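**Q** Below, each chain spelled out in residue letters.
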Amino acid sequence: MSSVKWTVDALAPKIEDFLEPVLDAADFDLDYDIYAIEEKSEFISPDIAVDFGGDDVELLLRQRGELLLALEQLTLEALRIPHEDRYRIVFDANDYRMLRIEELRLSAETAAQQVLATGRPFEFGPMTSRERRIIHLALRGHGAVTTRSEGAPPQRYAVVYLKGAESK
Amino acid sequence: MDRDTEAVVELVEVIAKALVDKPDDVVVEAFEGRHSRVVELSVDSADIGKIIGKKGRTAKSIRTLLGAVSMKLDRRYTLEILEDDD
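Chains A and B are the protein sequences, given in the same order.
Just so you know, numbering that gives the first Met the number 0 puts 123 at position 124 of the first sequence, and the rest follows in order with no gaps.
Just so you know, numbering that gives the first Met the number 0 puts 73 at position 74 of the second sequence, and the rest follows in order with no gaps.
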């Protein structure tokens, strides 16, 4: 869908059209702001944030943000957003997702140091494609290590290994 | 149907209608199952894939929502997706 414009003006009404009746029927005590993400780094690459507040934020963030991610998934499906563009919209509450991005970036750096010290590959635990993408981006410009993904979803994971040392 | 169940049926209906190409063919019914109240969803057979989603992710997300609603209402609702309209 190349016609999608990644602006709040273009997307907010569509997001609201879906979310309003859903939150209403579910009787969740949640409100949200939709805004453009201004300060972007290569890690914080979404264009648009849907940021939730309200008494049910705790419910939203239970089980590693399960409900937050479910709402995001259903909204992206309802809006027919193609898979390759999904990283452009992020659903968040209490900076949960943004902190997770920072946490992943730091873990990638720690893994790289460990691989350099031991010479052996480092395997992360299973991650979503969006999370693996952050690991790959974090080490993309690294001189000595490189990354790839292995395994089948939902168990797919990122591996960091020495450049030139093709494991397996 | 009690008010809670009406709201849950409406929730599944709203979501399903937004996902499919033929919203008029979305039918949601609720009945008392053995261990939970079952919310039964049927859609046009060409729209089943849109409800299930890639690797079942969309259906899983609907179930997650029902789980959260169940927790708030303190009563278990489960989703049954009918694969055929018979």
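You may find that some hints are simply not true.
What the hints assert, rightly or not - Listed next, the stretches of chain B that the computed footprint assigns to chain A, with coverage defined by at least 3 CB atoms under 8 angstroms from CB atoms of chain A:
| no. | region |
| --- | --- |
| 1 | 14 to 21 |
| 2 | 30 to 37 |
| 3 | 48 to 55 |
What the hints assert, rightly or not - In silico DSS-like links for lysine-lysine, alpha-carbon gap of 30 angstroms or less:
| no. | chain 1 | residue 1 | chain 2 | residue 2 |
| --- | --- | --- | --- | --- |
| 4 | B | LYS59 | A | LYS4 |
| 5 | A | LYS13 | B | LYS49 |
| 6 | A | LYS4 | B | LYS71 |
| 7 | A | LYS162 | B | LYS59 |
Said to hold, decoys possible - Away from chain B, derived, C-beta distances all over 10 angstroms, residues of chain A:
| no. | residue |
| --- | --- |
| 8 | ALA9 |
| 9 | PHE17 |
| 10 | PHE27 |
| 11 | ILE33 |
| 12 | GLU38 |
| 13 | ARG61 |
| 14 | GLU102 |
| 15 | ALA116 |
| 16 | SER148 |
Keep in mind that the hints were calculated from the coordinates and are not lab data.
These numbers come from a predicted model, not from an experiment.
Glycine included, each C-beta is placed from N, C-alpha and C at the ideal position.
**Q** Compare the structure with each hint and give your call.
**A** Here is what the structure says about each hint:
no.: 1; hint: 14 to 21; in the structure: holds (count 3)
no.: 2; hint: 30 to 37; in the structure: violated (count 0)
no.: 3; hint: 48 to 55; in the structure: holds (count 4)
no.: 4; hint: LYS59/B / LYS4/A; in the structure: 28 angstroms, holds
no.: 5; hint: LYS13/A / LYS49/B; in the structure: 18 angstroms, holds
no.: 6; hint: LYS4/A / LYS71/B; in the structure: 36 angstroms, violated
no.: 7; hint: LYS162/A / LYS59/B; in the structure: 38 angstroms, violated
no.: 8; hint: ALA9; in the structure: 18 angstroms, holds
no.: 9; hint: PHE17; in the structure: 5 angstroms, violated
no.: 10; hint: PHE27; in the structure: 7 angstroms, violated
no.: 11; hint: ILE33; in the structure: 17 angstroms, holds
no.: 12; hint: GLU38; in the structure: 29 angstroms, holds
no.: 13; hint: ARG61; in the structure: 8 angstroms, violated
no.: 14; hint: GLU102; in the structure: 22 angstroms, holds
no.: 15; hint: ALA116; in the structure: 36 angstroms, holds
no.: 16; hint: SER148; in the structure: 15 angstroms, holds
Of the numbered hints given earlier, the model fails hints 2, 6, 7, 9, 10 and 13; all others are met.
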